[in-house]
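Asks: If you're matching them up, the sequences are chains A and B in order.
Numbers in our numbering are just positions in the first sequence, counted from 1, shifted up by 4.
Numbers in our numbering are just positions in the second sequence, counted from 1, shifted up by 4.
To be clear, the hints were calculated from the coordinates, so they are not data collected in a lab.
None of the values given here were measured: they were computed from a predicted structure.
Be aware that a few hints might be false.
Repeated chains share a single entry, so a pair holds when one copy, or any two copies, can fit it.
As the list claims (entries may be wrong) - Cut-off 30 angstroms, straight-line C-alpha distance, at most; resulting in silico cross-link-like pairs (DSBU-like, lysine-lysine):
{"id": "1", "residue 1": "K198", "residue 2": "K170"}
{"id": "2", "residue 1": "K670", "residue 2": "K123"}
{"id": "3", "residue 1": "K625", "residue 2": "K292"}
{"id": "4", "residue 1": "K672", "residue 2": "K604"}
{"id": "5", "residue 1": "K198", "residue 2": "K529"}
{"id": "6", "residue 1": "K358", "residue 2": "K28"}
{"id": "7", "residue 1": "K292", "residue 2": "K604"}
{"id": "8", "residue 1": "K419", "residue 2": "K346"}
{"id": "9", "residue 1": "K92", "residue 2": "K71"}
{"id": "10", "residue 1": "K590", "residue 2": "K170"}
{"id": "11", "residue 1": "K198", "residue 2": "K92"}
{"id": "12", "residue 1": "K299", "residue 2": "K625"}
{"id": "13", "residue 1": "K638", "residue 2": "K358"}
{"id": "14", "residue 1": "K198", "residue 2": "K590"}
{"id": "15", "residue 1": "K34", "residue 2": "K170"}
{"id": "16", "residue 1": "K625", "residue 2": "K346"}
{"id": "17", "residue 1": "K529", "residue 2": "K590"}
{"id": "18", "residue 1": "K625", "residue 2": "K198"}
{"id": "19", "residue 1": "K529", "residue 2": "K419"}
Protein chains: 2
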Amino acid sequence: MTDEALKTRSVGTDEASDRSAVRKVLEKIKAEGRNALTAPEGKLVCDAYGIRVPREGAARSAADAVKLAEQVGFPVVLKIVSPGILHKTEAGGVLVGLKSREDVSKGYDSILANVKRYKAGAKIEGVQVQQMLTGGQEVIVGAVTDPSFGKLVAFGLGGVLVEVLKDVTFRLAPASKDDALSMLDGIQAAEMLKGVRGGAAVNRDALADIIVRVSRLISDFPEIDEMDLNPVFATDREAIAADVRIVVDFAPRPERYRPSHEDIVAKMNRIMKPDAVAVIGASSEDGKIGNSVMKNLINGGYQGTIYPIHPKADEIMGIEAYKSVKDVPGEIDVAVFAIPAKFVAQALIECGEKKISGAVLIPSGFAETGNLEGQTELQEIGRKYNIRLMGPNIYGFYYTHKNLCATFCTAYDVKGSVALSSQSGGIGMAIIGFSRSAKMGVSAIVGLGNKSDIDEDDLLTFFEQDDNTHVIAQHCEDLKDGRAFAEVAKRVSNKKPVIVLKAGRTSAGARAATSHTGALAGNDKIYEDVFRQSGVIRARSLRDLLDFARGVPILPTPKGENVVIITGAGGSGVLLSDACVENGLKLMAMPDDLDQAFRKFIPPFGAAGNPVDITGGEPPKTYQNTVRLGLEDKRIHSLILGYWHTIITPPMVFARLVVEVKEEMKAKGIEKPIVASLAGDVEVEEASEYLYANGVPAYPYSTEIPVAVLGAKYTWARGAGLL
Amino acid sequence: MTDEALKTRSVGTDEASDRSAVRKVLEKIKAEGRNALTAPEGKLVCDAYGIRVPREGAARSAADAVKLAEQVGFPVVLKIVSPGILHKTEAGGVLVGLKSREDVSKGYDSILANVKRYKAGAKIEGVQVQQMLTGGQEVIVGAVTDPSFGKLVAFGLGGVLVEVLKDVTFRLAPASKDDALSMLDGIQAAEMLKGVRGGAAVNRDALADIIVRVSRLISDFPEIDEMDLNPVFATDREAIAADVRIVVDFAPRPERYRPSHEDIVAKMNRIMKPDAVAVIGASSEDGKIGNSVMKNLINGGYQGTIYPIHPKADEIMGIEAYKSVKDVPGEIDVAVFAIPAKFVAQALIECGEKKISGAVLIPSGFAETGNLEGQTELQEIGRKYNIRLMGPNIYGFYYTHKNLCATFCTAYDVKGSVALSSQSGGIGMAIIGFSRSAKMGVSAIVGLGNKSDIDEDDLLTFFEQDDNTHVIAQHCEDLKDGRAFAEVAKRVSNKKPVIVLKAGRTSAGARAATSHTGALAGNDKIYEDVFRQSGVIRARSLRDLLDFARGVPILPTPKGENVVIITGAGGSGVLLSDACVENGLKLMAMPDDLDQAFRKFIPPFGAAGNPVDITGGEPPKTYQNTVRLGLEDKRIHSLILGYWHTIITPPMVFARLVVEVKEEMKAKGIEKPIVASLAGDVEVEEASEYLYANGVPAYPYSTEIPVAVLGAKYTWARGAGLL
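Required output: the full structure, derived from the provided sequences and hints.
Replies: Laid out in structure tokens, this is it:
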């Protein structure tokens, strides 16, 4: 052991990382058939990526150890170096806080004795002598490989309490510096990093830097399966990883096939906006799925060509029928399948031969019933002929702007700008019922079912470039390829809000999801963090998904964070304020001049400030004046209205005046989000509907839902970098 | 300093506490004009109440200190004893981990030097020499005095991270042993007490015991304002308070007047179920409040006597009018005020002279507009004449079983078993609108407004003994007397569910509440914990309050924790499972025989287990068979149904069959809670209404609300000790 064994700590600058050094280490490990790095190997890897570690060296004798200790400086830590021993502490292979030559010498011998007792015959390569770090905040920087999301970097505080509280945050790797900084604020205990009880704040740059470097390392080397820097000592000056654990897995992961972006767009356009649709299994017989599909196509008003396919019939519902898609003279864009599972594969081959772009596989009887082989067969046919598959096990889909109801469910034709999808048929039916009941205009409703091929990110890619769609809302139970979804969602959500209800959030829900679709539900915290990283608005419940889908598209994008509540009912004001906090909305601190301006319009015992409490017995004029002021003043960015039903200002009077003022301002080029909570007798239901129909999301008997809808719009605007 | 100064630690048994010893300490402090106890005084108090503290003694010289250290055993802690120094560490007055005679001797001198530097002239009584505790889990046991709830005992883990996470739990003092044990499970980091990473679990009995003793101490001595045992070392054997801090406040707190239970019941019965009502300010003129009240009384169908009071009129709406209540020949139970604020006091005096039980003070213009004097005047008149005051600043109240609408709002007459109240008029109007819209039967709706007298606990006391009321739901922004509320709620909730929406949960909401009612909103965590301790169901939103009020009364009380989901839509099953976890419901682990029994009724590809997924295309018989089995099997205690709209089993067919099976089972004496989530086209709305009207809380397009309603019922049943 010589002096050159003592590496000086690497400097955390942005120099290019030394990939070849890491490659060399990994090759050695692979050659030796190991799956974990030793501490010195871990140090080499860290050095190569500029991840700072303590001064250290490896000793092969007690004398060596003493010499090294003097070089790195007391106190030191001693750790066994043995490829076979992963849990060094358990093996008695770690000693900390050794302050003298004597301590180090004795310590060396005792570690060797411990390890030999723990695992006779373990190959011992020496003892690492390391600078002992103290002070600062102990944190963990780590990495995991998720089956759906791939490489993720993780961050949390060190210590057992954090483990108990599961206070860890994840980001897709590689993480940007901004991602890394957001992780420091993304744990419950974030305040600990800012310095508490007079302690110094950590150096955020240094800590973010180490996170970025770890994320880059694991992205560059997919064979790194797991990584733990635990603890990292984060002080006001630096962040140094005191212990490095790296586990590798050289088994290649199956690559998931992804068509090119152009191919997805081209195919999805033909599927979603087809000029010609074949119905395989079309039927004249009431009650048959193939009959319902035909009726929906015809009665829905679809203007393209419909080709009924039936082995025997010459015509179905007055339209010429064909025995096979191959007999159809013209081009076909999409084929809707309404035949039993066992006939699907053969018909799909014929679709392939006919060069049809997409197959809408309504039939069930595949993966969801355990028939995995049957589903794999369809996937193989689809790949072979380059047909995209929707389903199987779905209700089909709607694309309203083409008057297209390619489904066996009831028709739906209220055109609008939100596209919805669901993994489950039941949830799809709830979407249709809610849409009809709330008169919610949609551009599309799509069933994804078993997702043998087309999934959420294919839909996002289509809706991204679909001018009829401004907002996308999706229900899912799993993401087959979370990474692809996140990448697409991040891009799309910069332009259009993406709302997701992820079912199976809880372990009980995840178990149910497993039995339902055969999909392994991921760790919910990972979904939570990746959704945020991707700018996705997360709905917490089915009603949230539906309410956000209805409200977000009609709200203009806010130009800033300042929210003001104007309320006739003080009690609503309190509940609306609660809801603002819960939904991350910022109640504007009312400037004095604006406060005075509001006071001019309200009774002397009303409360200005924020909420502006205009009090209950006021005439329409008071609502009018205050709402107008709220819209006119440039410092205010959004309004929340709390209405209280009185004889003096009845519900519809209130609703009409709000819309009038809104339109008056719009004519002057002023557009701000307005939501309303209406407290009153049943007439407030009609008033709420009127407001909603005129661009103001409004709810009777609820203070929390309108604010949640506004909160969803803000979540999106922030994620898209618009605020 | 002699050996007898060395107290042996007291033994934590249940011997009677020595109140006189505490009294003596407190009297000395009062006499000396201090507001905090010294460490030795704290120890005396702890000893008197059997709260274990370390072995220790007070030294007046370095030599004394060394001698004491040898007696308590090394290592020791030294702490300054000085009445003027509260923050000992800051003053350099604490040294820990002294292991030798020499350390102790030097330490004594350095502490004295530090403290003299910190505060020249501070009176130094000596240095405490204390057994140093190590190991185990550091926790905090404390006590605070809340303006509304009075004495509260607090518990949390020690350390700065817990402070950052605000992970502390409270109970009203005195706390029972069960209360104390529930505190150990009431913090987020509860698992830390159970032993993690191989550490031993704390002795729960010992820890609960110290909590109970602290809670008893602060209850016995109201002058103890705050108390901190921080840290308490909790090991697997014992719990010892290493540091004691007690702050006292000898200023007497104003006692809040509370009528006797009998008096409240008698008066409230006369007010809520009156035989004769006077309307002060009755009017024939449309649009006047006194006219609306008259119309509501007459048109609402009130069968008692109505006395219009008006200074000039001889009759109003065909009923003989009087100039004053004093002119009325018969008895009057309650007077409804519909006159301007300035005339209220005089009319109230006349009510007093007439011996009327209650005044319903609709007029505004009192505390809510800053007119505190006016409100105090009314309170004084009320006390003088023993009239109970409802309001002022309210909409009045309804008591449907007497057809009584003593309000200026619209009439409401759907009789039912839930009584609602609101502090705010706006929320009251939302209650009325929702009730009418949802056809929710109510026993009463009451406005409490400024709560100058009658408040939530008076209502609880009335509804407790009111046979027409089975469930009580209240909206409040503050509790003027949280302790009285908690005591009454605890008693009442053992018989009838009590649901509370506490507005002003967040600091923004609390600020709004302050400007609205002049009430100081309390710390929300205290409300949370006290509500739980009192068996109160907490609603998180206005809709929750209304949905719970509607659903909880019609659900039978569950006989156990086993919940089973039966669903036609697998996707709903996943979301329903999520909702179960969120609402603290236990999905029953399905026994093999029961699993087999369910499988007999469902397709082979359906999923048994829990959720029971009967799959989407099933006929009515499948729902029927599985629901019947779910009700018949004694191991299942509650059912959650997930319906999926299909042509084979349309919504109303499903709804009718569920009600049929339910009635069939009821005839056999089987009653279990059933809730339903309906996914489908708009017909599911009618089906949901039918189900609700027949005892099954059911919601279209929502998986979370029906489960939340069931969760509310369970929360109550557990709190009432029925599970």
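Asks: Checked against the structure, which of the hints given earlier come out wrong?
Replies: Numbers 2, 6, 8, 13, 15, 18, 19 - these are the hints that the structure violates, sorted from lowest upward.
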